[in-house]
Structures are given as structure tokens and as C-alpha cells.
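Participant: Chains as they are written, first to last, in my numbering: chain X, 1 to 73; chain S, 101 to 173.
Worth flagging that the hints you see were computed from the coordinates, not collected in a lab.
The beta carbon of each residue, even a glycine, is placed where N, CA and C say it ideally should be.
Any given hint could be a false lead.
Claimed, not checked - Interface residues of chain S toward chain X, partial, derived using beta-carbon atoms under 8 Å: (1) Phe109; (2) Val148; (3) Met153; (4) Glu154; (5) Asp163.
As the list claims (entries may be wrong) - Estimated spans, in silico, between C-beta atoms of each pair: (6) S:Lys114 x X:Arg43: 31 to 37 Å; (7) X:Ser19 x S:Ser170: 34 to 40 Å; (8) X:Asn47 x S:Glu166: 16 to 22 Å; (9) S:Arg135 x X:Lys14: 34 to 40 Å; (10) S:Asp151 x X:His34: 18 to 24 Å; (11) X:Asn47 x S:Thr107: 27 to 33 Å; (12) S:Ser126 x X:Ser40: 20 to 26 Å; (13) S:Val162 x X:Lys14: 23 to 29 Å; (14) X:His34 x S:Gln118: 37 to 43 Å; (15) X:Thr36 x S:Asn104: 23 to 29 Å.
There are 2 protein chains.
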Amino acid sequence: MLSNARTLFAKRLKELRQSRGFSQESLADRAGLHRTYVGSVERAERNVSIDNMERIAQALEVDIAELLRSDRE
Amino acid sequence: MLSNARTLFAKRLKELRQSRGFSQESLADRAGLHRTYVGSVERAERNVSIDNMERIAQALEVDIAELLRSDRE
Numbered sequence: 001m002l003s004n005a006r007t008l009f010a011k012r013l014k015e016l017r018q019s020r021g022f023s024q025e026s027l028a029d030r031a032g033l034h035r036t037y038v039g040s041v042e043r044a045e046r047n048v049s050i051d052n053m054e055r056i057a058q059a060l061e062v063d064i065a066e067l068l069r070s071d072r073e
Numbered sequence: 101m102l103s104n105a106r107t108l109f110a111k112r113l114k115e116l117r118q119s120r121g122f123s124q125e126s127l128a129d130r131a132g133l134h135r136t137y138v139g140s141v142e143r144a145e146r147n148v149s150i151d152n153m154e155r156i157a158q159a160l161e162v163d164i165a166e167l168l169r170s171d172r173e
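Okay, chain X solo, but in the shape it has when bound:
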């Protein structure tokens, strides 16, 4: 079973990336990550580290907490 936090992060990442009109590739470039890595994070396949979560948050120009905020908050 996939982690809830992974699934939440994946969903928020995809939402925020798309809301900014970024492709996976352009987000990956901004974050200094590989396109296939971003894809696997969006599929909740990766046990992403806090350093890479921060790179992604910076590329999206959001606080890292925004990427873990669930709908019920």
C-alpha cells in the first residue's frame, strides 16, 4: 500500500504544477531534477526526500507545507 503522505504529495504536486502551466519536464528543469523522477513522484512511486521536496516547492514557488496540505484543512 502506498503511503498517504506520498499520495497527498503526489496529488498536490500535480495540481500545483498544472495550475502553473508547467510540464513535468519544465518543472524538473526548474527544480534541477530529472523529468522521469518528477513523473515517478507524481505517481507516488518514490520515497521522496525532504531536500527534493524543497527543490520542488521552490520550483513551484510555494512553501513546502503547501505540498502536504490536505483538503480537510
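Starting from the known structure of chain X, arrange chain S on it as the hints suggest.
Facilitator: Using the frame of chain X, we list chain S on its own:
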């Protein structure tokens, strides 16, 4: 230089752990992690993964976003 997200997570973890009266060891036991691992996360030495962040959040009975919320929010 240490990551801001690591430093923030470390600070929030320590604050929440102490506010609950847990030692590093008792938190580690609750989270299924090793005491020395929790210590190194609190010193922002570890590039902690989202799965372990979730275990720590569950042990503290908070949403994972609580562990990344900065004071300015």
C-alpha cells in the same frame, strides 16, 4: 549549508516531541524508528524521506504539514 526544510522539520519535530513529553527514544519507539535516527533528524543531519516523515507525524499525532509549518504562516 543545511536545507531550510530540514532545519524547519528538525525544529518542529523537537518542539512537538517535547510538548508531548516524549523522549527521543519513546518517540522513536512509537514511530518504529531508531533513537539515534530521530536524534540525527532533530539535528537536521538526515535527508529524511516522506515515509519516515509520515511515521514521525503519526507518532506525534499531527498532520505531516504541521511539521513543516513555519512561524510566518
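Participant: Now look at each hint and say whether the structure bears it out.
Facilitator: Tested hints:
no.	hint	result
1	Phe109	6 Å, holds
2	Val148	5 Å, holds
3	Met153	6 Å, holds
4	Glu154	4 Å, holds
5	Asp163	7 Å, holds
6	S:Lys114 x X:Arg43: 31 to 37 Å	33 Å, holds
7	X:Ser19 x S:Ser170: 34 to 40 Å	22 Å, violated
8	X:Asn47 x S:Glu166: 16 to 22 Å	20 Å, holds
9	S:Arg135 x X:Lys14: 34 to 40 Å	36 Å, holds
10	S:Asp151 x X:His34: 18 to 24 Å	21 Å, holds
11	X:Asn47 x S:Thr107: 27 to 33 Å	21 Å, violated
12	S:Ser126 x X:Ser40: 20 to 26 Å	35 Å, violated
13	S:Val162 x X:Lys14: 23 to 29 Å	24 Å, holds
14	X:His34 x S:Gln118: 37 to 43 Å	39 Å, holds
15	X:Thr36 x S:Asn104: 23 to 29 Å	26 Å, holds
Comparing the model with each earlier hint shows violations of hints 7, 11, 12; every other hint is respected.
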